[in-house]
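Protein chains: 2
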Amino acid sequence: MSSHLVFKNCSSQFRAAVSSRGRAQVWQQAIFLSRGAGYTSARQFASPSVKVNSQRLWDSIHHTAQWGDSHDGGVKRLTLTDDDQKVRSWFAETLTAVGCKVKVDQVGNMFAVRPGANMALPPIAMGSHLDTQPAGGRFDGILGVLGGIEVMKVLHENDVVTQAPIAVVNWTNEEGARFNSGMLGSSVWGGMIDMDEAYSIQDVEGTTFQAALKRIGYLGNEGASYKTNPLAAHFELHIEQGPVLEDKNKTLGVVNGVQAMGWTYITVHGHSQHCGTTPMDRRNDALLAATRMIPQINAMAREVQGMSTVGVFKSEPSSPGTVPGKVRFSVDLEHIDNDTRDLMVKRTKEICAEFAEQEGCQATFEDTWASRGVRFNPLCIETVTEVAEELVGKDGYETLPAGAGHDSVNTSHHCPTSMIFIPSKGGVSHHPSEWSTQEHW
Amino acid sequence: MSSHLVFKNCSSQFRAAVSSRGRAQVWQQAIFLSRGAGYTSARQFASPSVKVNSQRLWDSIHHTAQWGDSHDGGVKRLTLTDDDQKVRSWFAETLTAVGCKVKVDQVGNMFAVRPGANMALPPIAMGSHLDTQPAGGRFDGILGVLGGIEVMKVLHENDVVTQAPIAVVNWTNEEGARFNSGMLGSSVWGGMIDMDEAYSIQDVEGTTFQAALKRIGYLGNEGASYKTNPLAAHFELHIEQGPVLEDKNKTLGVVNGVQAMGWTYITVHGHSQHCGTTPMDRRNDALLAATRMIPQINAMAREVQGMSTVGVFKSEPSSPGTVPGKVRFSVDLEHIDNDTRDLMVKRTKEICAEFAEQEGCQATFEDTWASRGVRFNPLCIETVTEVAEELVGKDGYETLPAGAGHDSVNTSHHCPTSMIFIPSKGGVSHHPSEWSTQEHW
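As they're listed, the protein sequences go chains Z and R. No gaps in the numbering here: position 47 of the first sequence is 47 in our numbering, and each next residue is one more. No gaps in the numbering here: position 128 of the second sequence is 128 in our numbering, and each next residue is one more.
In isolation and in its complexed conformation, chain Z is listed as follows:
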């Protein structure tokens, strides 16, 4: 491991857990200190004799898909529903059976902790979520939790004792599909959202988040905060939800961060005019102005290796014989670098103002949502990279940023974090056809 890696973003607990020498192998030794089998490095730990049981993991995915089975290959398991309650019970029972102690915090986050040699250290966590989108698949989120459970089973079977405790975490309401605030459980834990604010969020039927937690018996006692319930590190295994790995024929993705992303809505104000009687040079055509802006925004985003998407586009009065007087559209802008994304937002507004003026219109702007980008912890990335190289070789993995929000974004502010991706068939997610192969698992 190169010596330029710095620990300045690491919590003191993690620094202790990974040793004061700051070298990956030492850290891996510390974590995977084995009494039963004598493994002294991650490299050895990843050797053929101790590895996850692919078939068992595959079976457990399909076993748990019964709770919320949408009978089209997918899963509909909205957070804190009866189906979520059932998979949560299974989670607790399964991990208790392999020597874990399960804690539930005040927002339903579940921490299944396997003791380590040094119980003064906070646990090193493998976390993700068991809730899904309304028409979701059986992999998004679930893979990260069930992958963690499989690791626990292997540790248990091989009588491995780690230096720090190890935990599997099931974060509540990552999808934000029932309570419309994504990554809600990890956001409260990370201090991004106040607990009372989270409690008051209602689903479409008016049930509050707090009432829903209480109803299924998951309003826990553990403080929902990184301060009172810290983690030494957080690793998240997840499907890519994009086509890059599949396209490049890679088996693993080493995730180096999450892109900065956000939405700007642009309203173009023109005049509704009769299309047959208003000459072309006498128009204030809001739609024409908008359609001139959008390809330019796209080109600008490509220039800086960023991403732009116009997903919503509404036109008024929406009559085939009338020049549209008003158009409103969304622009999603993403970049791995926060400053570059800020610049993209600025350029987008300049482009819109320019074309609006050319077409005799005005453009107004609303920045409705933004999520700052995150660079994951260099030491965690390096560790994942080393193991990936061992498992699939130098050409078998790709280092890439995540393009979607994950609980790891929230943990990354409070403990060293990184993620691991496996390929998504056709890049599809949030859909019953979402799929990943057993081999990649």
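For chains that are exact copies, the list does not tell them apart, and a pair is met inside one copy or across any two.
25 Å max Cα-Cα, derived BS3-like pairs, lysine-lysine:
#1 Lys314 x Lys349
#2 Lys326 x Lys425
#3 Lys346 x Lys314
#4 Lys86 x Lys103
#5 Lys314 x Lys326
#6 Lys86 x Lys214
Read the hints as simulated data drawn from the structure, not as lab findings.
Model the placement of chain R on the given structure of chain Z, informed by the hints.
Chain R only, in chain Z's frame:
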């Protein structure tokens, strides 16, 4: 009048009415043959001593606006409603009082005929419509009918006897706002739509056109056909509904035809993709493809002095975080020349296919509606031009095509037709703020 004018589109009746010599002055003499005042040409007839009463016309506009008054300056008088019945009664009474005989045909078209010296000739008509859009103004259509009534009053007061009979026509359901088929009454009269088909058209409440005619007592006995109830000519005074005359500071528009127009719907088929995880070069972005097409279609239309308008634009799934998988939009294409419009439709489809391919999408097309362009009768245009020049001088009028459909399009296939425009304030129509000045009247 130049000798190249031909009569091949004129009915035999009109040829008789305008004399066999085919010169405008002679025709005007024929029409306006005056017994009481001795006028021998339209030029003389337009002299200061016999002219319309501007104030009376102005007053009658505001008087009739009581039937459907929308209390915001506009009129809501959908066809065959109680308000329409009231204005129709007023029309019949007013014209009967000045010596006309009122006929109602099988689709409610009203023909108020003032006898001429030669009753073997079909009447020369001034026609338009008394129905309005749901949020319409007090000028569109109404001006043409009330202008005709004012002419009848002047002829009556001055005891003028014309060679051919003169008629004022109120065409039924021009707007197509209640029964969704515009210019319906004149279309049945012109043989463009079968009467039974017209009768079966329903409004949103399921009332048929036939039942609505019967309810207000306007299912007449006169055959609704140019064959049994012919006109020798049709002139229509109308507001411009556009800004050209106002912009150029003209008082009158001599309308030389109606543009060819029609709608093509384009559907762009791409793939819905997660915007954060799908790289820019891996997308099949239907919306980006569409927004690249639209400015190109616009440029192409301008190149050939035509018009293009995208009025409807729908995108799916319409989520700010999802690359749109499907976009459907309308393109209205207009040109004074039918062949050039056909070419515009062809080029539009080529442009769309090209950009769809570039963005990894497919484009499909539906031509949902088209109306062939019409060149009005040269003799009628010439007559209107001569009178316009007399009234407002060489710089006071502009010759231009109409950009919207009118009953005159239908009459033009069966009798010599032309239209006269007056300026619309701000080019606005189909809106309560629609306005034209008393001076222009």
